[in-house]
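> Fit chain R with the ligands to the known structure of chain X by using the hints.
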Amino acid sequence: MGSNTHILWFFVFAGLEERVDEYESGTDSDYTQYWVDWFLSRKGNEYFCEVDEEYIMDRFNLTGLNTEVQYYSQALDMITDNLDDNLDDEMREIVEKSARHLYGLIHARFIITAHGLTKMLEKFKKCDFGRCPRVLCHNHPLLPVALSDVPYTKSVKLYCCRCEDIYNPKSSRHASIDGAYYGCSFPHMLFQVYPQLVPPKSTERYVPRIFGFKLHDVAKQHRHQDRIREDSHARIMAGIEGLQQQQQQQRLAIAAAAGSQKKGGEENQQNSNSKSPSMTTESGAMADVN
Amino acid sequence: MAHRDDDIRNLHEQELEEDEDDDALQGDYVGEEYYGSDGTNESGTESMPWIAWFCSLGGHQYFAEVADEFVEDDFNLTGLSSVVPFYKEALEMILDLEPEEDSTKVPDVSIVEASAEQLYGLIHQRYIVTRQGLQQMAEKYQAGHFGTCPRTYCQSTNVVPCGRYDLAGVETVKLYCPNCQDLYSPPSSRYLNLDGAYFGTTFAHMLFHVYPELVPNIQSRIYQPTIYGFKISEHSRSGPRMQWLRTKVDPIRLDAQGHLITAKGEDDDLDEDDKEDESM
Ligand SMILES: [Zn+2]
Ligand SMILES: [Zn+2]
Numbered sequence: 001m002g003s004n005t006h007i008l009w010f011f012v013f014a015g016l017e018e019r020v021d022e023y024e025s026g027t028d029s030d031y032t033q034y035w036v037d038w039f040l041s042r043k044g045n046e047y048f049c050e051v052d053e054e055y056i057m058d059r060f061n062l063t064g065l066n067t068e069v070q071y072y073s074q075a076l077d078m079i080t081d082n083l084d085d086n087l088d089d090e091m092r093e094i095v096e097k098s099a100r101h102l103y104g105l106i107h108a109r110f111i112i113t114a115h116g117l118t119k120m121l122e123k124f125k126k127c128d129f130g131r132c133p134r135v136l137c138h139n140h141p142l143l144p145v146a147l148s149d150v151p152y153t154k155s156v157k158l159y160c161c162r163c164e165d166i167y168n169p170k171s172s173r174h175a176s177i178d179g180a181y182y183g184c185s186f187p188h189m190l191f192q193v194y195p196q197l198v199p200p201k202s203t204e205r206y207v208p209r210i211f212g213f214k215l216h217d218v219a220k221q222h223r224h225q226d227r228i229r230e231d232s233h234a235r236i237m238a239g240i241e242g243l244q245q246q247q248q249q250q251r252l253a254i255a256a257a258a259g260s261q262k263k264g265g266e267e268n269q270q271n272s273n274s275k276s277p278s279m280t281t282e283s284g285a286m287a288d289v290n
Numbered sequence: 001m002a003h004r005d006d007d008i009r010n011l012h013e014q015e016l017e018e019d020e021d022d023d024a025l026q027g028d029y030v031g032e033e034y035y036g037s038d039g040t041n042e043s044g045t046e047s048m049p050w051i052a053w054f055c056s057l058g059g060h061q062y063f064a065e066v067a068d069e070f071v072e073d074d075f076n077l078t079g080l081s082s083v084v085p086f087y088k089e090a091l092e093m094i095l096d097l098e099p100e101e102d103s104t105k106v107p108d109v110s111i112v113e114a115s116a117e118q119l120y121g122l123i124h125q126r127y128i129v130t131r132q133g134l135q136q137m138a139e140k141y142q143a144g145h146f147g148t149c150p151r152t153y154c155q156s157t158n159v160v161p162c163g164r165y166d167l168a169g170v171e172t173v174k175l176y177c178p179n180c181q182d183l184y185s186p187p188s189s190r191y192l193n194l195d196g197a198y199f200g201t202t203f204a205h206m207l208f209h210v211y212p213e214l215v216p217n218i219q220s221r222i223y224q225p226t227i228y229g230f231k232i233s234e235h236s237r238s239g240p241r242m243q244w245l246r247t248k249v250d251p252i253r254l255d256a257q258g259h260l261i262t263a264k265g266e267d268d269d270l271d272e273d274d275k276e277d278e279s280m
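Note that the protein sequences, when read in sequence, are chains X and R. Number 213 in full-length UniProt numbering belongs to position 213 of the first sequence; there are no gaps in the numbering. Number 146 in full-length UniProt numbering belongs to position 146 of the second sequence; there are no gaps in the numbering.
Incorrect hints may appear among the rest.
What the hints assert, rightly or not - No more than 35 Å apart at the CA atoms, straight line, and that leaves these computed lysine-lysine pairs for DSBU-like:
(1) X:Lys154 / R:Lys248
(2) X:Lys154 / R:Lys140
(3) X:Lys214 / X:Lys119
What the hints assert, rightly or not - Derived contacts from chain R toward chain X, CB cut-off under 8 Å, selection only:
(4) Trp50
(5) Pro150
(6) Leu183
(7) Pro187
(8) Ser189
(9) Leu192
(10) Thr202
(11) Tyr228
(12) Ile232
(13) Arg237
(14) Ser238
(15) Gln243
(16) Lys248
(17) Val249
These are computed hints drawn from the structure, not numbers from a lab. Backbone N, C-alpha and C fix where the C-beta goes; we use that ideal spot for every residue, glycine too.
Chain X on its own, in the form it takes in the complex (with noise of 0.2 Å):
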């Protein structure tokens, strides 16, 4: 599209901003920048990725959107650069709020695809979404996460995957923004397909102490949480142990059929494991139904 509009709606949302930034209004001079580089390149929106045009064009990827976000054609001429002028400022103010929201709700389906991944992967590594504020996780970078897929519900948190807990981002900028713009999935789907961005999980843990003494009802606290950190470890263990009985167990089992057509000996070494056959099966697998 290019022309002054963008400089003049510029304006017109900065107007509306509780503050106006200077250095904004400066580079905002260039009559030729797209929407999504002009989106990108606002302040408060460092959390988004540059979805792939080639995403964008291809309706099917954008399908039950258009029930989601009003004047949604238009909306989306705008993110791709295919507006006409001859919209009046009011109009014009309502269709780019629409395009903010639609290109939010794009930008949450696109992220778990695989290349939007590898473009949030690189966020990741620069720290775009700042470092967990937990001191024993030692500036560990975050993730943004959501906790509803609905628009509107709930604002964008930060996951770390160091101490698995959510945060609210710093800047009041950032805690505005709407959750269903990044989904719940996003940060699990990430560290799924990139399983090796784990890092290893560690028992360190605060103690409180009084004049160097720690306390009572604390020490209670931390032994049960130890407890159950002990019990989980048992149970996955267990499972990984199960998992590679039964592997074991297959192929042992597959190589009697081969031989003679025995039958009865897998049930029986099955039943000598000390979890239960289901428990054993869906180890290894990604999500269980809950």
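Here is chain R with the ligands on its own, set in the frame of chain X:
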């Protein structure tokens, strides 16, 4: 990760942080300079007692104003003269006393100022665990002077400044949350030059010990990672491994070994976990 990346990131973070400072502060920014900015210049600050002035400086809102009587009692300062350089001059500065005539050995006022800050910080560490100091800090806590916990499920619980070391010069101040019982870095770089020893290791826990009613009563929640609405199994390689850390049980319900005391005898099966899945 390359060094260059680190630099860029630091710059980037600084920018964000400073920006956040602007948002948060608005009126109360006095400036890191030693003199107030608007109208109240030297004459204004000099009429103000040193302690009140020091506590009003930008980035010093974590400090309580130590009572003069506490500073004047030598017993409370035991051992500090060997830790703080220019101890006598620093103490005079804190108490707004006229320097004695023989103080010509001081090379530069700024050195005494630095000493005064350190001395005040270490006196502060001792003061805030006294009855009066605790009460002042409890009021500051309730007024929200120390900020809130960044952990989402702590629902903006107020935090308190806390050191991990009582010795000065080891580590900067951290923030303790009484709900998750964990430590966090302050959100702003303004607090990066505050020594954790100025608050000490004991104060935060003493505060909630003496004022247990300040501990919030928030439903304990553990974040449950999901993919397309499905919980990720702990048997998955990237499955949950840290849920123990956020497991919180009222110590009344635990025996000395950390076992749950329940009539059902259903050990370790926390009901808290199940309240999680409202989002899907
Ligand atoms: Zn963390
Ligand atoms: Zn907390």
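> Which numbered hints are broken by the structure, listed smallest first?
3, 4, 8, 9
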